[in-house]
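Listed below, chain by chain, are the residues.
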Amino acid sequence: MSPGGKALAEFVAEATEILDALGRDLLALDEARDQEADPEHINGIFRAAHSLKGLSGLFGQERITQLAHAAEDLLDRLRLGRLTLDDQVLDALVDALDTFQSLLGETSRGEEGEDLTRRTRAMEDRLARMGSPPPAVEEDPLERLELDASVRAVFTEYEEHRLRENVRRGVALWCVRAAFDLSDFDQGLADLNARLKPLGEVISTLPSSRPGGATGIAFDLIFGAKVAAQALEAGLQGTPAELEPLAVRPPREGEAGPAFELPRSPDAAPAPPESAGNEAAAAPRVKRKKKGPRSQPLALEAGAPRSLLSADAGASEPDTAPSGAPPSGIKALPSGSPPRMRAVESPSATTLGLQSAASAPVPAGRPRPEETSLRSLTQTVRVDIGRLDGLINMVGELLLIKANLQRLAETSRQDGTVALSKLFGQELSRETRQLERKLEALQEGLLEARMVPVGQVFDKLARLVRRIAREAGKEIDFVSTGGEVELDKLIVEELSDPLMHLIRNAIDHGAEGPEARLSVGKPRRALLRLRAEQKGNHVLISVSDDGSGIDEVRVREVALSRGLVSASQISEMTRRELLNLIFLPGFSTRSSVSALSGRGVGLDVVKNNLGNLSGIIDVWSERGKGTAFHLTLPVTLAIVRALVVGVSGRTYAVPLNSVLEILSVQPQDIRTVERREMLDLRGQTLPFLRLGRLFHLPEREVNRHFVVVVGLAQQRLGIAVDELFGQQDIVTKPLGGRLSGVKGISGATDLGNRRTVLVLDVAELLEEGIAQERRRA
Amino acid sequence: MSRFEALLDAFFYRPDEDVSGLLDFAAGSDGLASRVVEEEPTEYLAFRLEAECYAVPILTVREICKVPLLTEIPRSEPQLLGVMNLRGELLPVYDIKLRLRLSDVPPLVAGPDAGLPPRAARILVLKTDAGPAGVWVDSVAGVVRLKPSMVELSPAGIRGDRDCVAGLGRKGSQLYILLDPEQALAP
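These protein sequence lines map, in sequence, to chains A and B.
Numbered by our numbering, the letters in the first sequence go through residues 1 to 777 in order.
Numbered by our numbering, the letters in the second sequence go through residues 1001 to 1187 in order.
The set of hints was computed from the structure by calculation and includes no laboratory data.
Note that the structure is predicted; figures quoted are calculated from it, not measured.
By construction, the Cβ of each residue, glycine as well, lies at the ideal position given by its N, Cα and C atoms.
It is possible that part of the hints are untrue.
Label-pair ranges, simulated between beta-carbon atoms [what the hints assert, rightly or not]:
| no. | chain 1 | residue 1 | chain 2 | residue 2 | range |
| --- | --- | --- | --- | --- | --- |
| 1 | A | ILE662 | B | LEU1069 | 19 to 29 Å |
| 2 | A | LEU408 | B | LYS1066 | 54 to 64 Å |
| 3 | A | PHE725 | B | SER1149 | 58 to 68 Å |
| 4 | A | GLN456 | B | LEU1069 | 34 to 44 Å |
Full structure from sequences and hints, please.
The structure is reproduced here in structure tokens:
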């Protein structure tokens, strides 16, 4: 598939998901026709339309963008109460959803039909013209709410609308005041919100006028309760919340609409909210229904029997309908039948409405089965990565069996004394080659299925950049390229944290403020670049900025003052080695701890994370010009190519992605510097490590060493081994819980001879080699 | 133990002896109701390490397998013999003789210099909190059923630097050293 086709498929998959969500919310609204619309659903649809607009805009789907924009407009008006949700609006929305579906269908086929374009235009017009103004209200219900004007001033338009709506409906309003400790107030607030949600609607969350103590912060939550005061109190048991009713003056004479006397004290149970909020519990409601007449007086006292009844009857109808005859209690209700009829009708009307809406716009004479069919447009399947891991493992086992078969075939072909056996061997080896090819294709296919574009992370980071830049008071231009480069899903996931850290560093430490930049003759806005690029088996990702660069002098001072290196060592260091010190644990050049970076964990974590991915990090920096981090990563970790080496009769595997080159070295070429063995590699000294000695294996006399040169970041190390056996694709299995403390080994694999072979952890070996060096110095 | 001693030993009653059959017989004969509550025996897997007989609760044993090729882990604790590949699963294999002070040096059973394992040797795959682990045993003796009355819990003066001996079980003349697998395999 071409890259464009792939992007399109991704768009279709994502848009389908959004439309599904939109459809669900719309259906929920549709089912609740004639009732007060749940603001949650309207908000959900609004968000869906908004994301669809953004998504289609990103992919240049002009028609969808415009229609989504029109729908978003309409929904915004609905949300803010400038428009009431009547049947007409709902039908229009259902039609719009259908139009979206058709548009997406055409998009997925790469068409752009004239018919549909016209239909879309008409739909947009229809949505724009929608809008019967809300029924005139003589008095703003908000005026009746005794709320401080200064508090009212901070409400958003939406919050104000919701509050007005709640007052108009006579919902009991509370001010829930809660104080939290500063350290975990976000957690506490989220808990409180989760508790309140089933009990009603949180209209607004405001910082409290009352201070919350020295280390605390207090909030006022304006809350419209669906339940009685006692239930609310019980629901908030154990939270620091205090309840305080918000008083509402009774409306003036002659005002339309239901109005309740609001309870002045928490113990006067507000009956109307109770009845409105009982949609969740089904069984008790039927029971209470039978007691209907008895609870009637209470409701009558509250002053709105009509609205109470219709709401209650409508809600309870689905429960009673399956049982056949309605409970006798309903009959006792005065004037209960008209709303009940409507409630019974409404579910069927819903399905009918949806069906007719779906089939009506299909032009006659041009059957387009795709448009009415329920088949989804996307060909995508979401698979848990663990399942793919399992399949990859299975392929690994199959490859081992294949290797065994191959060996069998080879021996019977060569040692076949009888002609028949020889022929059989040839046949067998031909078939195994065939099997090999198919297995390789299978393996490749599975690996491809795990690949995701690195752009997934880049997009998240772009949002982060804007936020961090705002917090840090810097002006940043963020440019990311190469988002289409693909990496293993696991690597992409693991990559997001290190990249986030590097970007935070670049904004926090690298980029200068606008004034500082202007004064040194740079453009006002700093440039932060994130780039991905495929290079053979590796992917190169770089994070670069044009900021002030790394201050080597500060690096030197900090390294010395923290005792990370000795003075004599530092005097011998090259510039590159000096820069490399920033990857040491406990290194941070900022003296003040900022919220963004510099929490003590730093680049050493980045380096470690990358090491776990068999990645390499390299740093380049120049004073005044900027800093760049280059990350080299393998494309996948599921199956890696490894170099199989032998030491003292043992076999080990070295991941080939960290092997730079292999040398053959005579014993006399090894030199010692301060009792430490070194190699001279093209004029540079290379630390030399005998694997056998490191692993305390019995040493064997050899007349030459093979030296595997491995590299990670700027560190290079020569690992001496006795034998080289060749390369092989391996599936590494971790050593597991009990052996997680073993150093220098990252896992084990099976090479097909039923023998477990350990895989060397190059990052740890390098670390050890360097630590030795440091200890000696 | 000479033949005579064995005969004498079998003749005398020991408090831990399984004489429930006799008691049943006695209860039937003189009309006295048996005051011995029927005890639920626990099954143990008995095995030999050097010359001694050990046992672990059979529910902690996942499986028993022949000694496969073991791969030594460089620079690991001495009681870790190596790792084995059991149907694609990687398992550590331990030698608990060191901890029980039955030997001073770990046996050379992994790596290229190791000889063939003894014919009777087996690996017990035990279920532990930290995951499955293999334990080398010199031979498997069988399953024994021990009633709580036959078990003497953690007697004093048992060898080993840790409480890996949970108790002593006695059945007939045979003594079983009951091991706590968690403790025996604790790092």
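Do the hints match the structure? See the list:
Against the hinted window of 19 to 29 Å, the Cβ-Cβ separation of ILE662/A and LEU1069/B comes to about 28 Å, which satisfies the hint. Against the hinted window of 54 to 64 Å, the Cβ-Cβ separation of LEU408/A and LYS1066/B comes to about 23 Å, which falls outside the hint. As the Cβ distance of PHE725/A to SER1149/B is approximately 60 Å, the hint placing it in 58 to 68 Å holds. In this structure the hint that GLN456/A and LEU1069/B lie 34 to 44 Å apart at CB holds, the actual value being about 43 Å.
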